[in-house]
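Turn these sequences into a full structure, and let the hints guide you.
2 protein chains.
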Amino acid sequence: MPLVTIDDIRSAATRIRAFVVRTPLIPALWADGDRPLWIKPENLQSIGAFKVRGAFNAIGNLDESVRTRGVVAYSSGNHAQAVAYAAAVFAIPAHIVMPRETPAIKVDATRAHGAEVVLCEAGQRERVAADLLEQTGGVLVPPFDHPDIIAGQGTIGLEIAEDLPTVDNVLVPVSGGGLASGIGTAIKALCPQARVIGVEPELAADTAEALAAGHRVDWSIEDRNRTIADGLRSQPSELTFAHLQQVLDGVITVSENEIRAAVRELARRAHLVSEPSGAVALAAYRRGETPPGRTVMVLSGGNIEPAMLGEILVG
Amino acid sequence: MPLVTIDDIRSAATRIRAFVVRTPLIPALWADGDRPLWIKPENLQSIGAFKVRGAFNAIGNLDESVRTRGVVAYSSGNHAQAVAYAAAVFAIPAHIVMPRETPAIKVDATRAHGAEVVLCEAGQRERVAADLLEQTGGVLVPPFDHPDIIAGQGTIGLEIAEDLPTVDNVLVPVSGGGLASGIGTAIKALCPQARVIGVEPELAADTAEALAAGHRVDWSIEDRNRTIADGLRSQPSELTFAHLQQVLDGVITVSENEIRAAVRELARRAHLVSEPSGAVALAAYRRGETPPGRTVMVLSGGNIEPAMLGEILVG
Chain A
1 MPLVTIDDIR SAATRIRAFV VRTPLIPALW ADGDRPLWIK PENLQSIGAF KVRGAFNAIG
61 NLDESVRTRG VVAYSSGNHA QAVAYAAAVF AIPAHIVMPR ETPAIKVDAT RAHGAEVVLC
121 EAGQRERVAA DLLEQTGGVL VPPFDHPDII AGQGTIGLEI AEDLPTVDNV LVPVSGGGLA
181 SGIGTAIKAL CPQARVIGVE PELAADTAEA LAAGHRVDWS IEDRNRTIAD GLRSQPSELT
241 FAHLQQVLDG VITVSENEIR AAVRELARRA HLVSEPSGAV ALAAYRRGET PPGRTVMVLS
301 GGNIEPAMLG EILVG
Chain B
1 MPLVTIDDIR SAATRIRAFV VRTPLIPALW ADGDRPLWIK PENLQSIGAF KVRGAFNAIG
61 NLDESVRTRG VVAYSSGNHA QAVAYAAAVF AIPAHIVMPR ETPAIKVDAT RAHGAEVVLC
121 EAGQRERVAA DLLEQTGGVL VPPFDHPDII AGQGTIGLEI AEDLPTVDNV LVPVSGGGLA
181 SGIGTAIKAL CPQARVIGVE PELAADTAEA LAAGHRVDWS IEDRNRTIAD GLRSQPSELT
241 FAHLQQVLDG VITVSENEIR AAVRELARRA HLVSEPSGAV ALAAYRRGET PPGRTVMVLS
301 GGNIEPAMLG EILVG
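Protein sequence lines, in the order shown, are assigned to chains A and B. In this text, residue positions in the first sequence follow full-length UniProt numbering: the first is 1, and each later residue adds one. In this text, residue positions in the second sequence follow full-length UniProt numbering: the first is 1, and each later residue adds one.
Hints in this document: simulated from the structure, not taken from any laboratory. Ideal placement from N, C-alpha and C gives every residue a C-beta, glycine not left out. Any given hint could turn out to be false.
[Stated by the list, open to error] Here are the simulated distance ranges between beta carbons:
(1) B:Asp108 to A:Gly288: 16 to 24 Å
(2) A:Asp223 to B:Ala18: 44 to 52 Å
(3) B:Glu256 to A:Ala213: 54 to 62 Å
(4) A:Thr14 to B:Arg22: 17 to 25 Å
(5) A:Gly293 to B:Gly114: 22 to 30 Å
(6) B:Glu256 to A:Asp223: 41 to 49 Å
(7) B:Ile221 to A:Ser11: 57 to 65 Å
(8) A:Gln246 to B:Asp249: 51 to 59 Å
(9) B:Arg127 to A:Asp249: 54 to 62 Å
[Claimed, not checked] Which residues of chain B face chain A? A partial, calculated answer using Cβ under 7 Å:
(10) Ser46
(11) Ala267
(12) His271
(13) Gly302
(14) Leu309
(15) Leu313
Here's what the structure looks like:
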């Protein structure tokens, strides 16, 4: 299966430059002396998460004649807002399929970008999306299972390599694996000395198990839904798993309490609001299992309910 | 009185480049359509506030033979940590005079950088600092009343002008006035079309009154201490007031409730933790008194007690 290349990621960087924030690496002076830490704060993207990178690359790479017919996506999370926002910038229609139980705040945020939200029953989203694709003649923008999405997320790795070419460790959350596939591909091409380490919640550690087994494994959605890190409940596709096998040096799993502590530490020490999924790389760093050296953690997103953040802050 | 020039600010930028974060402008998509808003997130500096810029410029500009004798500062806030951190980087001694009632968390943070903290009674800090200067032969690094401090803070204005040369409005918190003097000087030199607007809490609005009167006015410290924005309780010196008269197009004052709402909005929408003093520029933007056009708000710092942030988030 052909994998995404560094050239694909460079093309993506050119394509999305005008639309995304070029996030800086923030040195975390409060970290350990022998493992200096930098934060890549993707929570500062316009919709609060890295997902804009893949969305702008995928939509920007469509032929204009195709793009004008619009896009369809299914997501209850950050991908929904990313596609809705990118579609608004390109002034094309967007239909976003969301489960009926999606919190109103996320539905409203997606609608605020001008997207048409189509609510559906659990387990129906792929059928509903297929119907919409047929009705509209639009294009599906998948959350991770596409080379253009992987290449878009990979621009984060390109920027890390530009800003800290001597990086030793890169810690990246893993869910569907688009983010880790892209970043890993860029880092392995540009900083071959660096380790790329995935991070998963213990309660959704299918990729850790799959890499050890040498093939994909399936955890039930009921199991994966137990973690507070609601952005890390997906599993790699065949395409992303092939990348992860190639680029990951390991996976660290973290507990729910460690995730909460990382959200708290990022707010208190780095002045950055992270969602639980966005903070897992700090939780992994704090476990102390990464080797010494210059470490970058990818803070993937910041969309947390204010009440949950408030509770974690004082807890 | 000679004022700081754009050349001084350019020199400062060169001097401090290796030590401070080059913060990006973050577009705030959730803002009003006819007044697009960008955030300059100085809470992402290593000690959580812009003060590192002035501290590195002032200490970096000392003759090495003088600098090695060390530095002295008095502050209970972000300036203390900035001087302590800069002194640690230059590997020189730092004595920081703090009032005895300073919260332990701030004393500890200053000590963590290796500074010697000298606690003193209220009203004694200048005498204690003078004694320390005599004993150590060191140099005083004032919080705002010095051209090198003003030029260091002015590098924020230089970066705004580089990133958004067509800016129409720049909103800057005003306390001792070093930040607004520096930013205003840079913006007036590089973006002469832009308005530079100071922001003060209503409860510490001495500069608004002073600029209207055409001369400095004195508000009692008891009055100024009423505001939650504990970083905005100082008053301009002769030097900074001369700059403010030259570069400010106006001052907007904001209420305590507006400040709390701005802290909440920055955490919820921009995923940035701000202290009350750091959020006042958003409060001013939300009053709707600024003219239309591209607006930059300076988020000056993020050092807020977690319990206060938690309370504001759910409040």
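**Request:** Against the structure, test the hints numbered earlier, and report the numbers of the ones violated in rising order.
**Result:** Hint check: nothing fails, all pass.
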